[in-house]
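Position chain G against the provided structure of chain V, taking the given hints into account.
Each chain is listed here by its residues.
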Amino acid sequence: MQSSLEIPVCVERLQGVFSGVFANLLALSQQVDLLWQRCAGEARRPTSRDLSQLRELIDQQLLQRNSPAYGAGVLVEPGELGDREMYLEWSRLAGAERTLPLMLNFNQRSDSFYNYLNMPWYSGPRETGNTAVEGPYVDLYGSDMYVLTFTLPIRFADRCIGVAGADVPLPNVERALLSSLLRLPCNALLVSAQGRVIATNTADYSAGELVVKLRQSRQWQAHALEDGLQGWQLLCEDRSRLQSAA
Amino acid sequence: MNSVNGYSTASFMRLRQEGRTEEVVRRLIEVIDLGLLSSGEQLPSETELALQFGVATVTLREALAVLRQRGFIETRRGRNGGSFICATAPTSEQQLQLRLLELSALELRDLGDEHVAIAGTAARLAAQRATSEHHQRLLSYISALTEASNRLERRRADARFHIEIAVSAQSLRLTHSEMQLQAEIGELLWLDADGFPDARAVAEEHRGIAEAIINGDANLAGILAEAHVTRAIKRLIGLHLQLLAQQEEVDR
Chain V
1 MQSSLEIPVC VERLQGVFSG VFANLLALSQ QVDLLWQRCA GEARRPTSRD
51 LSQLRELIDQ QLLQRNSPAY GAGVLVEPGE LGDREMYLEW SRLAGAERTL
101 PLMLNFNQRS DSFYNYLNMP WYSGPRETGN TAVEGPYVDL YGSDMYVLTF
151 TLPIRFADRC IGVAGADVPL PNVERALLSS LLRLPCNALL VSAQGRVIAT
201 NTADYSAGEL VVKLRQSRQW QAHALEDGLQ GWQLLCEDRS RLQSAA
Chain G
1 MNSVNGYSTA SFMRLRQEGR TEEVVRRLIE VIDLGLLSSG EQLPSETELA
51 LQFGVATVTL REALAVLRQR GFIETRRGRN GGSFICATAP TSEQQLQLRL
101 LELSALELRD LGDEHVAIAG TAARLAAQRA TSEHHQRLLS YISALTEASN
151 RLERRRADAR FHIEIAVSAQ SLRLTHSEMQ LQAEIGELLW LDADGFPDAR
201 AVAEEHRGIA EAIINGDANL AGILAEAHVT RAIKRLIGLH LQLLAQQEEV
251 DR
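Residue numbers (the working numbering), protein chains in the order written: chain V, 1 to 246; chain G, 1 to 252.
Chain V with its partners taken away, still in its complex shape (with noise of 0.2 Å):
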């Protein structure tokens, strides 16, 4: 049997799992930052067609080995682009080797007009300046998966231009998340800022559950994540307290 891990080693490693993904997140901004760059240069505003050059660097990290991401790209703030009011760039993983630019209605009068200024994995990071984790959420629209989606917001000349943002399918992720879970030597819960259950060790709960109340409980111990996931604990049950409790 394999050793049990400290619980700072098993916060480290859970955070690791998502480093990749916040890394990829990053690079896009600061590829957006560049385009934004030059086209003040050439004292123009960028337009669709400029976006469009980020398609090779979003297929790149969707199609790299390991990537739990199954859609990436950038969604632009109203009035940047010459062209265009709201816009998007975005992939989304079609096979193995493939990928597919995802187009969406932008027509504000349509039923079905895409309106991702109040979405809250938008909304959050353009207001706070920070990277923002929504979900895990059944995402009937996009992906059609139950999924975690990472926002970074990008800034340029002091104002927010766009965020840079990935979907990754909780399943994705799970495996890597239970094996760092299941060398605890206690009952464990990953939670989101909201409450709900990422990945545990025990059968007791299960992914998707709110357990709110579990954090206020002497019980449980919550420790903490950080790098880009804040809000995230992990709750570790202290046994010893079982009986205090009861």
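Keep in mind the hints are simulated off the structure, nothing from the lab. For glycine and all other residues, C-beta sits at the position ideal for the given N, C-alpha and C. One should not assume that every hint holds.
Only some residues are given here: those of chain G computed to face chain V with a beta carbon under 8 Å [to be verified]:
no.: 1; residue: 36
no.: 2; residue: 48
no.: 3; residue: 51
no.: 4; residue: 52
no.: 5; residue: 58
no.: 6; residue: 128
no.: 7; residue: 131
no.: 8; residue: 170
no.: 9; residue: 172
Quick look at which bits of chain V chain G covers, simulated, 3 or more residues with Cβ under 8 Å [what the hints assert, rightly or not]:
no.: 10; region: 92-102
no.: 11; region: 175-183
no.: 12; region: 208-214
Every beta carbon over 12 Å from chain V, so not counted as near; a handful from chain G, in silico [said to hold, decoys possible]:
no.: 13; residue: 62
no.: 14; residue: 75
no.: 15; residue: 96
no.: 16; residue: 133
no.: 17; residue: 173
no.: 18; residue: 244
The following block gives chain G in isolation, referenced to the frame of chain V:
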């Protein structure tokens, strides 16, 4: 020894009739029907759609041909060509009645049984797993229902409310099942017949379910959702029998 073994093996080994083409057709109709793709919108290219569904291009072409024939899409040739979603022609009262008549009472009962299972479980789980964002969306679909001005809008708001409950339950499978059930019977529920409730009455029932979910009362949410679905199916079976009786009368 009796023949139970032989019989059960045979019946369990019978496959569902639905093939790849039918499955693609069904999924696309669900999406168009519920307004997730709206009229005038262009479908992705055949190659892209085939990749997305994980089917051969031939299969996808067959599916598009079925959709074209049934009036869901139209295909334009030329440089700006492609397949476009057609405006959903409002189904006439008569067409709906005919569809209801063609279903058997047994089929309706079985559909109802499945819907009770899905809607009840989804509502119970939603009461445990929904957060305030889900609550807001549930309430917004209730307002959409009260404000709807025609059957298509009422039917969509109704379907979206039920699908959102399954989404709140955090279950992909329940969400898929609810979408399929809504595509199958959703429109029939809005027949304009004697004893069928108006949008306001249905919205009141939805409000009851939503409140139980918001209060985290899983049992109440489940019971209300089950009763809501049971009542709807009972109305459909009632109307089906009534239409059947009228037909018998004519035939005699």
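Status of the hints after comparison with the structure:
no. : hint    : in the structure
1   : 36      : holds (6 Å)
2   : 48      : holds (5 Å)
3   : 51      : holds (4 Å)
4   : 52      : holds (6 Å)
5   : 58      : violated (17 Å)
6   : 128     : holds (7 Å)
7   : 131     : holds (6 Å)
8   : 170     : holds (4 Å)
9   : 172     : holds (5 Å)
10  : 92-102  : holds (count 4)
11  : 175-183 : violated (count 0)
12  : 208-214 : holds (count 3)
13  : 62      : holds (20 Å)
14  : 75      : holds (17 Å)
15  : 96      : holds (22 Å)
16  : 133     : violated (7 Å)
17  : 173     : violated (10 Å)
18  : 244     : holds (36 Å)
When the structure is compared with the earlier hints, violations turn up for hints 5, 11, 16 and 17 and for no others.
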